[in-house]
Each structure stands twice: as C-alpha cells, then as structure tokens.
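Chemist: Same order as they appear, the protein sequences are chains A and B.
Note that our numbering has the first sequence beginning at 61, numbered continuously upward.
Note that our numbering has the second sequence beginning at 61, numbered continuously upward.
The list cannot tell twin chains apart, which means a pair is met if one copy fits it or any two copies do.
Taking lysine-lysine pairs in the DSSO-like style, the calculated list, with each CA pair at most 30 Å apart, reads: (1) K256 / K203; (2) K396 / K202; (3) K65 / K211; (4) K395 / K198; (5) K411 / K395; (6) K389 / K202; (7) K211 / K392; (8) K184 / K122; (9) K389 / K203; (10) K390 / K203; (11) K211 / K357; (12) K202 / K390; (13) K172 / K372; (14) K198 / K357; (15) K357 / K202; (16) K198 / K172; (17) K372 / K198; (18) K372 / K202; (19) K211 / K390; (20) K203 / K392; (21) K256 / K211.
What the hints contain is simulated information worked out from the structure, not anything from laboratory work.
Protein chains: 2
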Amino acid sequence: MIQRKSTKCIHVGSVAIGGDAPISVQSMTNTDTSDVAATVAQIHRLEKAGCDLIRVAIPDMKSAEAVRSIRDSITIPLIADIHFDWRLAVGAMEHGAQAIRINPGNLGGPEKLAKVVDAAKIHKVPIRVGVNSGSIEKDLLKKHGFPTPDKPDALIESGLRNVALLEGLGFHDIKISIKSSDTLTTINGYRLLSEKTDYPLHIGVTEAGGLIAGTVKSSVGLGILLHDGIGDTLRVSLTRDPVEEVRVGFELLRSLRIRERGPELISCPTCGRTRIDLFPLAAEVEEYIQTMETNVKVAVMGCVVNGPGEAKEADIGIAGGHGVGILFKKGKIIKKVPENELLPLLLSELKKIEEQGKGRGPISGSGS
Amino acid sequence: MIQRKSTKCIHVGSVAIGGDAPISVQSMTNTDTSDVAATVAQIHRLEKAGCDLIRVAIPDMKSAEAVRSIRDSITIPLIADIHFDWRLAVGAMEHGAQAIRINPGNLGGPEKLAKVVDAAKIHKVPIRVGVNSGSIEKDLLKKHGFPTPDKPDALIESGLRNVALLEGLGFHDIKISIKSSDTLTTINGYRLLSEKTDYPLHIGVTEAGGLIAGTVKSSVGLGILLHDGIGDTLRVSLTRDPVEEVRVGFELLRSLRIRERGPELISCPTCGRTRIDLFPLAAEVEEYIQTMETNVKVAVMGCVVNGPGEAKEADIGIAGGHGVGILFKKGKIIKKVPENELLPLLLSELKKIEEQGKGRGPISGSGS
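Next comes chain A alone, as it looks inside the complex:
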C-alpha cells in the first residue's frame, strides 16, 4: 500500500537502517549517562518494550567512558549524542559507541571534525547529522528566516551543509534528521529533504510536549511522513518515561500496518447503551497485552448485541452488559458467562494464544 522511498542502507551495530530494513524505533535515556547502573536499568526496560536502538547523552568524559560498561550490559546498539566537544565524540567511539549523533559544523572547526571522522572510519561507526530548528546556523537564519511550514528551507540547507562537511572528508556512512517542534514544518521539511538526498532519514518532531499533546503531534507528523514512504528510523519525543516513546512509536507503525508488535486492542468508547463498567475492564486488558508479543486483535466491547458484529475483525473479544458476558472470535459467539467471569476468561484465552505464538516471536518488520 505504502510505497517506501528508496534510501541507502547503513548499519548501527546489528540494526540495518534504510533500504528495505524494517523501520526501527529508537529512544533516548534521560538518566545521568555516567550512572551506569541507572542507565542500564532504563535501557533494559526499553529493550523489553521493543526499542531497537538507544541513544545516550555524552555531556562529559565520564559519560563517554561509561559507554563501554553500558554497552556490555545491553543487547541493542548504543548511539552517543554529542554537542560541541569533538573529544567527547572520539572518546565515546573509543569506548564502543556504535553510532554518534552530532552537528558536524559545531565541533570547533574543520581540523577537529576531521579527527572525529577519522575515529568514525576506524571504528566503522555511522554518523547521524542531527539538525534542530533551534540549532540552525546564523547565516542560514539570515538567508531563509526561521523555518516555517511554508519555508522550512533553513532546516534543509543546514542539514545538507552538515552532510557536505562529512562528504568532503570522504565519509558517507550517514543518516540525517531535521527536526522542528512544529508538526507542519517537520512534514514539509522532510518531504523536501527526501527529494534531495537518499541517505536514510531519522524522523521525529522535537520537543513535542507531554503525553497527549506530544503523542498527537508525533502521530500526525510522523504518520503523514510514513504514509508518504518517508522515514527509516523514528523517535517519538515525549516529556515522559522513554518507555512511552517506544510504545507510541510502535502504535504509530502499527496504525499504518508498517510493522506490528504484540496485540492490538479494539475497544468501543461506550455510550448511553452501555450497561457494563467498561473503562477499568479495557484498561486491565490494555495493561495485560503490553506483556504479550503475539500479534493478535483483541476487542473489548460494551454491548452484547452490537459488539461481536462491530468487532468482526477481532481475533478474540468480549462484550458485556446486564450481568451477561460473551466471548467471541471473529464475530462468532463462543461462550456465555456471568459478567464477572469475563475478564479472567479473556486473560486465560490470551495466555493460551501467547503460548501458542511463542517461538514465532513478535511479528517484526515486514519491511515496507
């Protein structure tokens, strides 16, 4: 359905990005990177949520040195995020960072950048050129103005200029991001960038905000780009536990049938016809399926009469009301039970499905 834009393929550790590789979901830790125990604990929670790649901030040499111990304790590739100080970039790579994110233009000049690029070549580490609307060079702001939906040019030229700095040093193992906190600027910026380059693109809306506003902005912005076939790896940015970023990232890919991980819940919003307390029931099911990896559609409906028909596409579902509950599969009623037995019945059925599904593992990355 979605025709993915053709891009070069690069590798961050074992994870391929671009080309036909599954669109990967990444996040960033918010612990003090030099606190290895806290950082590793957070990454373990992110790995469990399906996170494909993790980025850590490197604000000082102690953090760069911590990269080795962190990497030894985790299974997903580790990316080091560096601003301004070329020594931290080199240090992070020497200590095992599998990719770095920098703005090549702000490391202190051509000689220092050359040292970073040399280290990247030696360690076979790709570089993300990571431009934000807030970090654009002054001359480009003067030339184009601050990026807007109608004129995101400064973002694009900043991205391409920084890429050219790397290319000038014979380096091509690159991915690019040009993020804005404005959804339309992000969409239009990436659309234009995508026409001008075939390096893989890391997409995201930056400083998107809290859980709800941030989820909406990221879903609209990244959803439109992904539907256009643009984007090879993504980060949802939320002022929240990074585990939520990963969760939203996968929901986003699932909504467009790009990549599915774990069950999908279909549940009705309830209405004046509902005769069952559906919200806590749906919330319990939603919590439970976070622990599952099998890709199955689960329905929780508030109406015994309309529920099975309206949720025909669900592999398994429950509906309740007036004390009676039903279990249905693909629209067909399988069992009637008293309403209070409904949740335990569904959970035990889901447990069976997960056990049968094991070995198949998550249905990850059907590519484009």
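Since the structure of chain A is provided, determine the placement of chain B on it from the hints.
Modeler: Frame of chain A; chain B shown alone:
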C-alpha cells in the same frame, strides 16, 4: 497551506458544518441518557473543554423524552443517536434533538424511514448517515468483501446507498460518516467518498482503543485526512472520559494549524544533560494551561544553555538546572531566579497573559 475540500454547509443548531465553517469537534456522552442530571453534568464538562456538538444515545423512549430537559440545560447543540427503531428517532426530534444520526436502511423499511424524514423536515433537523465497518449490509459484504485498506468499497457504497434513500424522499440536509476501526481503511474510504460526494463529512476512526493506542490511531487517520483537506467535523473515539476525546481533537487540529484553542506546551524529552526534575514541572504546567483559553506557546526546558535557543518560537518559557532557573520570552532571557521559584514565576506570568487575553477569547476556527 491545507486546501480544504469544498463541501455543502449544513447547520446543527447554531453550529455550521461544511463549507468555510471551522472544523468542529464533537463527542458522545456515555451516561445513561435518561439520567438527565448525570448527562447534563458530563456535557457541562465537555462544553468547558471546548466541545462544539454533543451526541447522546437514544436506546429507549425514556431517553428520547429526556432530550428536552437536557437541551434546556446546555448551550451546545444536541444530536440523538438512534439504531433500528424509527419511533425513537421521531421521539427525539419531537423533544428537541437538533440533529439525528441513523442508518436509514435499518429503521424497518421505506414507510418507517419516510416518517423519520417527515419529522426531520418539520423540525428542520439534519441527518447524519452513520455507517460503520461493522454495520454494512450483507449484500454489500458479499459484493465487495469486508472493507480493507485496498478495498474499502463496501463502506463507501453503504454510505452512498443510505444517502440515496434520504435523497429519494427529497431530503438533502445530510452529513456522512463511514468509520472503520482500521486506520488505513478509514483514510482510503474517506478519500474515495470525498471524491463522490460534496455533503459535509464527519470523520473518525471507530473503536480506536484506549488512551494511547486510540490517540495514535485517531491522530494518524484523521491527521492524514485533515491534511488532505477532508473532514468538516470530527470525533476522536477513545475508551475513556469523553473530555479526553475533545482534548485530543483540539490537539489534532492545532498540530496542523487548522484551529487553535488555548496554550500550546513545548517541552523537551530531557536527556542525560538534564539537571532538573522536569517531568513533574512540565506536568503541572500542562495541567494549568488546560484552564486557559488564550493561544500562547509555552516552553518548559531542561537545559539553561540550550533551552532558550531550542524553544525560540515559544512566547514564554522556563529552563532550569543546577539550582538556577531562567524565564525567557522568544528566546531572550528575561530573568534569573532560584530553581524553586521557577514554577510560581511562570504561573503568575501565564495568569497575566490570560487576563490580558480575556475578551479576545479563544482563537477559534480560523476556518480552513
């Protein structure tokens, strides 16, 4: 930026839908409609959140009769949702419903539908033809198969057939919805429908799920449609307090700069560089701005050095770290304070902004 698809304009009470009218945000109560006090209390909360139109389920005559008392206690137009029983549709209109939502084909035959349409003409009440993927006629499922992203045809033909039933009775005061719980089916269905009709469209993803998954599915589905210029009124469907549906609806319109209501929060996701406990701070600001109506961009950043620059587009913002806090406006630092004075300072500034903004009211509906 977004070229809105041209549609006819209809009116639900005082609210225009279609044409150049602002895209309206609606929701549905989940109280027992015949419990007037509970239903009115919920609608008052929805009105406060900005809800433009409210729908109530009419499962029985007691609910139809309650419409009068509910309508007398609220300020936004009231829509009655009826399935199967034509008498409930007529009853709801006699008791003051300002629009009805039906499937004309399932009211028990042409004579009964004629009675409903007669009542709609007498009371000058528009009708939403509301088709769902779960309620499609058997012959259409046989002809087209169950609607899928590649072949949403059954949804579209069901919608248009039901519209034709009304037109056959000389009735044209119509809006249409064809919802699926699948995001891509919803997108492709509405895109095709929009080419075939110029009645205004009510858009939504049905049974979208819980807060996060439902917000993502609705944001992606409705976001892509709105960005295409499709959709004249929308409902976000969540298995949650309907107030959240309205909140997500407005965030969605804001993200595409279609319609703005109240402040926007920009906040960074925090990283290993952050030296302030930003999540509770951002959450408090997010809660506070829910009470505001003035359209202002507020930033909450975790880094005194990068914060003001990265949030240059914010009208007002704070950043903190290492015990120091700063207040900035449009990227310029206005004041330094101890970190613990940061939140009270921002809240008092926001209070001033809201007081100055009063009278201007919410910046509602810049049309397309």
